[in-house]
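Colleague: First to last, the sequence lines map onto chains A and B.
Counting with the numbering used here, you get residues 1 to 228 for the letters of the first sequence.
Counting with the numbering used here, you get residues 1 to 286 for the letters of the second sequence.
It is worth saying that the hints were derived from the structure and are not from the lab.
One should not assume that every hint holds.
[Said to hold, decoys possible] A few chain B residues that face chain A, going by a derived Cβ cut-off under 7 Å, partial list only:
no.: 1; residue: V53
no.: 2; residue: E71
no.: 3; residue: K75
no.: 4; residue: F80
no.: 5; residue: H82
no.: 6; residue: A86
no.: 7; residue: S101
no.: 8; residue: F103
Every residue gets a Cβ at the ideal spot worked out from N, C-alpha and C, and that includes glycine.
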Amino acid sequence: MLKLIRKELIFNRNNLLVITAIMTGFFLYFIYRGQIFSPRAYMLFTAFYVGASLSVVLESREAKCKTAALTCSLPYRRKTIVAARFALTWILMLAALIYTSLLAAVIPFSRLDMGQALSLKFILVSLLILSVIFALLLPFTIRFGVMGVIIFLVAIQLMGVVTLFLASLLRSGRADLLSPLSAAIRGLKYLAGPQSTAAHLVLAGAAILLLNAVSLVVSQALYARRDL
Amino acid sequence: MDEAIVISGLRKAYPGFLLNDVSFQLPRGYIMGLIGPNGAGKTTVIKLILNLVRREAGHITVLGRDNLREETWVKSRLGFVHETPAFYGYLTVRQTASLVSRFYPAWDDARFRELAGEFGLPLHKRVSRLSRGTVMKLSLALALSHSAEFLLLDEPTSGLDPVFRRELLERLSALIQDGRTSILFSTHITSDLERLADYLTFLREGQVVFSSSREEIQDNWLMVKGGNELLEERYRPLFQAVRSTAYGIQALTSRSEEARRAFAAGQVLLERPTLDEIVFFLSKGH
């Protein structure tokens, strides 16, 4: 599997360099405008951005170059190919989280105090968010390919609009319409807050593992069914 | 006999196409040509062997092992050339070989360099800048550099110039001299196969029309040329395909002995058909 991970890295290296450059510029701006964003919002935004972009990049590039047939002709099972991509995406997502946190911590003009965000609880919340995005996105891109990626990108834009709308609804006191969303937000806030216990953290950790395991199994099943 | 590949009862359906009950086998150390008109199912069969598409029924055994249950083992001993090879365009030929080499324990870099030299591959040129023919040569060089015991070549001569095509066919012919390497070669250029193939499998509309050795084909198939009396009902069952022209009738039969008995000398002209004629007649049908 390490050979497959290495192949994916070589294959995607140009894209990854471009993403890193964009990410660096993007996050340097946030770091500089630290008075607007809290370190925790920065961390959550990073998790979302990194999760969404990296999981899409690996799948769409293969589809664009039409190299899936080459990859699947190599002496590996498709399950292993998906597992390698899954592992690589997680490695890259974690590396990107560490990178952006380091950016915020060491850049001289940084106005973010990353000490506030770098707690075990908050890291766990970030991983949970990463897992939710990634767990949904991986099977989605495998099932729908490049078209799926386009649909996803459009959906992300729409989600931004919907989120703004929901936020205005929440502010206008109609939170009862949005009970699942607000419950999820309350849950995450509770998990990151001082009142959550070790048992909650263990449960959150289990949820992260379960989400990823289900996503991996579904993705492998979808990829095994795909005709190339 | 030790078999390189055994395919039985293979089935795969696409909208508007059905590959049905495909069965054939190839002994180890021989070359089989997979022939048929466009859309007959040749590429689908090769993709099914590589598990690039999911079969709906049937079994495939490669070098004595099931191609799905022992997929990794089987693929490590396969060399493949896809109909339209796709590589990572921004990598150079050298980098592509280096990338692929890591997946094959038996990779022989000296052999790749030798083949690259013979094929005229520019090692430091990006794959995206290569012509279609050169990409095909790269694909062939990769397939031939890891001591594959079974080569699956899907239209490998398409896009190649006649000189290189001939050289390639000679190389493939030399490869099987070790008695261990086998080749399944799909093409619609039948002249390639007349020079090369030991066995031929003809596919039409997703079904095997025949699968046998070249000698059997030469012995069994016969072209009958004569007048309109060949269209009489009693002769009809003898023929697989009939073509009527302004000058008479040409009919193809696989029952050469019966045909020889049925027609008196001088009544008709009996000829051994070329592979091209067999393919043409069987593709066109009655």
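Colleague: So which of the earlier hints does this model not fit?
Modeller: As far as the earlier hints go, only 7 is violated by this structure.
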